[in-house]
Every structure is written in structure tokens, then in C-alpha cells.
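Line by line, the protein sequences are chains A and B.
The numbering of the first sequence is the numbering used here, which starts it at 1 and goes up by one.
The numbering of the second sequence is the numbering used here, which starts it at 1 and goes up by one.
What the hints contain is simulated information worked out from the structure, not anything from laboratory work.
Don't be surprised by glycine CBs; every beta carbon is placed ideally from N, CA and C.
Hints are supplied without guarantee of correctness; some may be wrong.
What the simulated footprint calls covered on chain B by chain A, stretch by stretch (three residues with Cβ under 8 Å from a Cβ of chain A suffice, anywhere in the stretch; the number is not a length) [stated by the list, open to error]:
| id | segment |
| --- | --- |
| 1 | 375-383 |
| 2 | 395-406 |
| 3 | 445-456 |
Listed below are the residues making up each chain.
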Amino acid sequence: MTVVPETAPHTGAAVGGGRLLGFAITPLTRRRLDAFRRNRRGFWSLWIFLALFLGTLPAEVIANDRPIVVSYAGHWYFPILYNYPETAFGGVFPTAADYRDPAVRQLIDKKGWMIWPLIPFSYDTINYNLPSPAPSPPTSVDWLGTDAQGRDVLARLIYGFRISVLFGLVLTVASSVIGVTAGAVQGYFGGIVDLGFQRFMEIWSGLPVLYLLIILASFVQPNFWWLLGLMLLFSWMSLVDVVRAEFLRARNFDYVRAARALGVSDRVIILRHVLPNATVATITFLPFILNGSITTLTSLDFLGFGLPPGSPSLGELLAEGKANLQAPWLGLTAFFVLALMLTLLIFVGEAVRDAFDPRKVIV
Amino acid sequence: MSAAPLLAVRDLCVTFAGIGGARPVMAVKDLSFTLDRGETLALVGESGSGKSVTALSLMQLLPYPAAAHGPHSSIRLSGENNRGEDELIGAPPALLRQVRGGRMAMIFQEPMTSLNPLHTLERQIAETLHVHKRLRPAAARRRTIELLRLAGLADAEHRLGAYPHQLSGGQRQRVMIAMAIANDPDILIADEPTTALDVTIQAHILQLLQDLKERLGMALLLITHDLSVVRKMADRVLVMTQGEAVEAGPAAEIFARPQHPYTRRLLAAQPKGWAPPADPAAPPVAEADGLKVWFPIRRGVLRRVKGHVKAVDGVTLTVRAGTTLGVVGESGSGKTTLGLALLRLTSAGGHIRFAGRDITALKERKLRPWRREIQIVFQDPFSSLSPRLSIAQIVEEGIRVHRLAESAAERRRLIETALAEVGLDPAAADRYPHEFSGGQRQRIAIARALVLKPRFVVLDEPTSALDMSVQAQIVDLLRALQTRHGLAYLFISHDLRVVRALAHEIMVMKDGRIVETGSTERITGAPEHPYTRALMAAAFDLAPVSG
């Protein structure tokens, strides 16, 4: 055989597939993307959800009790990034400036200007200048009213939404990684490994999560990471069965046998040959796991075993709504936001599931 | 009786709507034929020729509206007691329900998947009796036993409570036949009824179909790609390719004087010839001594070993360089397990020597250098290639594992050489398996094995899933590769015609043991063991042999 030129034809990679974000995609992926796009409801749900999520991600810039930029006496200041003492703006106290204080405002306005975020409250800012006792109904200042401690509901909502979604995402990703790994190991090696692991999971899933959380709450202050770790201890099991089943099925496929006959190592066989079979089941599950994670955090916060007191969260807002039935804007806001977020995710999940369903005929 | 035939199909077209904006696919084009009582018509063609689609459109079982018939298409079935005719295309559901299973019945290729695994035989058969004849349970039961006897299922009374998985493939096919003839249909459509069965059982089932046709006065529409089945069964033949009928006529006429070039090609495509001469004193490449694969049967609470399934039981064999050892036997005889054991893909007792070195006890890490020398090609080219890897990636895998190439360019060169050698266009290396036909996929699987330059290749039924003409091409390719590289083959197959064309020596297996070994000429010419004789008769003459 003669030397084949360096530029051997690589044209085939994109046959029927095209590219997405610079990656060559297979025709199968192309078909699935098309199917997903054709499900209008799921497609738009994804965009709305992404807009809400990306919109609340820079919450500090949208809702804060400090201005974004201050120009004072020819100098630039960025209060949302750095702390400046009041003396920097010609005040008397060497403490951190309180930009909502009318005296400080006057000082700054005299020699410069400042740009405020859209909502001039942070999640823990107490608005002392309320027209009626807290919880006060929506006004032109507090668009969704305030809670019982005089904090702006919209600001708390933005931060709470962000922390819910972030918690859900991190928990979903982490439990998928652990779950897929555990399922892969059990399914691929089978036998005694599988048997032992399965019995362990049966015992483990019998542990009462809620009591563990209550016990935990009595000797540490549970924060984001504590909660995440504790939830992770139990949430990884949801994917194991699906992945394990796929691996049990696929480990006797001829192409897996052929790979073993080639001398390919177990690790490579798992990653390259068997795992792709399990991705469909995994990806189909992901939006629903995300939903479950968010609901779990919300219910813990509602019960008071969740994030530390004072943190913004949807569950805490619900609890306030329950405690203050005379202030319906609290409960209603929390309800509508939760309902919207969970519904959007379910719609996305349905669309993903349909897109991966090989039996679904697209006409 | 009027001149109108039992079934008249005129200008049948079937079009499938394209998926995802693809162009519509025309599966059947302007097909016309008739079928009369007591007649057997064989639809012959390779896979993709539209045979099965034709059968399904007779029953109106296609996925409408994704499938559509042409405006002039017509399927007319003469009415009950020859009163009038019913047009089946666009017929009301009530008429179709009455036709399906009542006046027209169908037997499918794969009896395992066409029986409901959750129901007993009695329930499956009694269901159609209840739907069509409104029989009461007791009467239905009597009729079911009668039907099963008619279909030749031994001990029918005691099998009524059996589930499909408790039956063998041949028995399942008999149950399917019993279900199909339950309501005395006028037409029996048999879609590859014996393709999934062993040769000896195939002969019995064909005999049964012939008997039933004569006894019940049915018309038989036989769909097959196997010309030897056609030769034995059919009165008339319709040859199809790419959705069109190219030739039709009496069977004897077609076999004696084929007119259309496609028919001639089909007839000439049988694997034939003999293996190229080989040196009988060549050094042995692979040897097995007392090879055993026993699967323990565990029973009871303590899971004690109560016995063993002896899949391979004391097999001794020698494969010499440049020669082929054919292993034949029915399904369940342990052929495939033997191949896997030789490759150390399943645990086995006894001794396996490769090029004089005992590799029975080597650990996977120590075994890896030997893996390069011993390769395997599987039966089903659709499941043996990972659907998510491109052809280049599939062939490349072995090169990477054994570090056969220094650079990407060299790897690419090796891949393209291997593809060219198995007769594929090297430019196709970046395509995915689903873009290839069965024969091409099998070539890819051979390229994957060949790129490692092995000395010994286990071929596990490499031609069984392929069309006849493609089988012949693959056999030719394997022969050419053997002469060029001095490869040793262990060729596992249930198809004696293919084995005869490729093997120097034949080993007959039954229930995990060797029944007879000898040169191909002797085994096919003068078999000694009665089992071998039965196998030969079934394979070459389609003659049912008892026992």
C-alpha cells in the first residue's frame, strides 16, 4: 500500500450531522436535537428557565443595598465589590458606609453621582421606611411587598431562586456522577460486587434522612455545603438502578465482547462502549432529579431544618406566608415562583424524554 | 366457481413518509400477483426487497398513515363462500378484524418475539378462537388441543399450561402455526418461517406447512430468501428486488431457465466451491485439550451446586496454520461457547495452547499480548459494532491497545489498508455503522480483527445473518484473506453449505461433545455417525429425519 496523504478524508464526520457549538455531532444527536426543538412547549420552557436562571445568577448586581458604581470627587468606587469607610465620602465615621443612609447619599450627591441596582435592597436589607407595619403590601418601592421583618420580598426571591437552582444543579450533577459510577461498577462486574452493593443500598436507603438532618441541626449550623453533603449521601441512589440495568444488558453485547477480545481494558470498555448506552436513561432522568432536589431543599427550609436563619430561600418564604396569612403576597409569590420553576423543568424533562425515545415517530 | 382468484393484488405501491424531512421511501412499486386455493407462491428476494412489507400490506398491518398505498393499488380478497370480493385497502376496521387471523393468517420469522411471554399456550391460542369464533372455554380448549396436535406438537394436552420460554424454537414455531390455522384461514402467509431455526427443525416445519396446506386447502404465501426452501415448497415464484417484481412464473421454469439477470445472479450466489488446498503438516496454531465449560446449576435455599450444564464437555481440537476447522451443530450444541472459551472470554477447564504455549491460566494482563494474535468475528454485524463510534474509531481501537502505530498518520494508514483489504472504500472510514449494509458491516468487523495481523481467527457464524449472495462474497473474502496471510480459522456455523465451502476439516458437535471429526470431503461425502447423517440430509435435501 502506498503512503496515504496526510489530509486523509475527514469529511465523513459531519455526514448528516453538522456542528453544534463547534463540536461535530452524529446524525443521531442531530435527530434528537430536532425532536427536542419540535416540542415547542419543552423548547420554550428551556429558554424561559435559562433566562430566569442566568438572570438571577448575578443577583448582587440586580438587587443590592449598595450602588454598583459611585463617582466621588473624580474617583471611581465599586461598593458592591469593596467596602469603603464613610470617611472616603467625606463622612465622619470610619465604619463601612451605609449608602441607604440619607446623610451618606447627600454627601455623595454633592460631589458626584451613583448608579443603583434595579432593586435597591439586598436579601437581608431591612427597609425601615415602610408606609405600614411589616409585613407591608406591595408598593412602588417594594414591588412585591416586604416580609414580617421588613425585608424586600423581590430581593429575597431573586436570591432564593438562585440558591435553589444552584443547590439543585450541584446536587444533581454530584449525585449523577456518583450514581452512574456506582451503577456502572455494579452492572459491569456483576456477581458478588453487584450482590453486595445492592444489599448495601437496600439498607442505606432505609435510613431516615429527616431525622439525620434534625440530629445534625442540633450540633452544627447546617449551611449550603453541609446540606448538600447530607442530601448527597442519599440522593445518589436514584440513578443506580437505571444505569446498572443498562450495564447488565450491554456487557454481553457482541461489540463489548469484541473489545474484550481486542484486549481493551475494563475502564476503557466501560467509558467508551457501555456508558453511551446508559446516557439516554441518565439524561432523561436529569430534569426530574433536578426538580426533586429543589423540592427537597424547599421543604427542608419550610420546616426550618434547611439553610441557616436569615438566608433567602423559597421554603423560608413559604413558611413566612403560612405564618402571616393576612399578608397573601408572601405565600402567593412563593407559590407562583415554585410552581413556575417546577413546571418549566417538567416540560423540559418531557421534551428530553421524547427526544430520546427511539419509538417516537416524528412526522 | 368463478374465475376470480382467491387473492388478487394489483399495482400495489407502498410509500413510507420520510423521517425528519428526508425524502419518502418507496418500499414496493407496482406489484401485481394472484394467489389461488391450494397453491404455494414464494416471494423471493434479498433483505430490503420489500417482501415483508408486501406481506404486511396484505394484512393492512403497516404503520398507517406513515405508510401509504398508491391511488391505483388494490388488494382484493374473494369473499366468504366465494360471494363477491372485498377490497382490503382502506377497508373498515370491522372487515379488517374479520380478515386478520380469520381469513388470512401470518407466521413470523422469530417465534420467540411473536408469542406473548406472559401467557400460556392455551391463552394465546384460545384468544383468537374466542375473538373469531366466539367459542366457549371448554370448546376452545378442545379445539386448542386439536390444533396443537395438527401442528405436530407432541404431548399437546400437557403443554397447554406451558409458557413460550419453556419451549424450543421449533416448538414455538409449531405453536405459531397452530395459532395461524386456528380459524381455517384461506391464506397462510409465512414470513421467513424457518430462518431462525436449525436445519433439522427447518425440514420438519416445512414438511408440516406442506401437509397443512394440502389438508386444509389453504393458499400459502411463502416469503424467503433461501432458494433451497423455494425449490422444495413453491408452485410459483415471484422474484423481487428493490420493491419491484422482476420475474414471475412456475418454480420449475424459474429454476431451469431464469430470464432476468437478477434472478440468474440470485441463483448463482450460493456459496460454493471448496477450501483452497492447505498444508496438512503445517504447525498447529491453536490447540485445545479436554476443554470444558460447565455452568453450575444451583438449587435450594443454600444455592448448592446440584449439577452442571455441560456447554462444552471435553473437546480436543487442533487448528493448523493456514487451515480452517469447521464446527457444526444445532443451536445449543456449545459451538459458540467453544469459540468464546478458546478466546478466554469465558472461564473454562482443560488446556488451551496457542503457538505451543499454554495460555489457560494466564491473567488478563499477561494475556493481552496474545489477544493480538487471536481474534473473533461475530454472527450479527448489527450488534457487534458499537453504534456510536465511527468506522475508523472501531478499527483503531485494537491498534491503540497494542500500540501498533507510532503516530496518528500511521494509524490512519493501517486503518485504510485494512479497510481496503476487506473491500471497503477507505474514504468511508469516518462514517458510522448504521450507514452500512449487513455485508459491509461484517467486512468492517473482519477489518477490525485483521488490522491486528492475527494468526488465528474465530468466525462465529459470520454469514448467518446475511443474504445469500452476500454470504458468498464474504466466503470468498475469507478464503482470499486466508491464502494471503496464512490465517487459521475456527469456523462456527450451523449452515453446512457454507462450512463445506470454507473448511478443510469439520467437527460435528452435539450437546457439548464432539460427535465426529474428519476432512470435509469425508464428512460431507460419507458421514459415519447417524447424527451427522441426519444433519447432512436436512441441510442438503431439506429432508426431515426422525430422531
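Results of checking the hints against the structure:
For a cut-off of 8 Å, the count of residues in the segment 375-383 of chain B with a CB near a CB of chain A stands at 6, and the three-residue condition holds. With 4 residues bearing a CB less than 8 Å from a CB of chain A, the segment 395-406 of chain B meets the requirement of three and the coverage assertion stands. For the segment 445-456 of chain B, the stated coverage by chain A holds: 3 residues have a C-beta nearer than 8 Å to a C-beta of that chain, and at least 3 were required.
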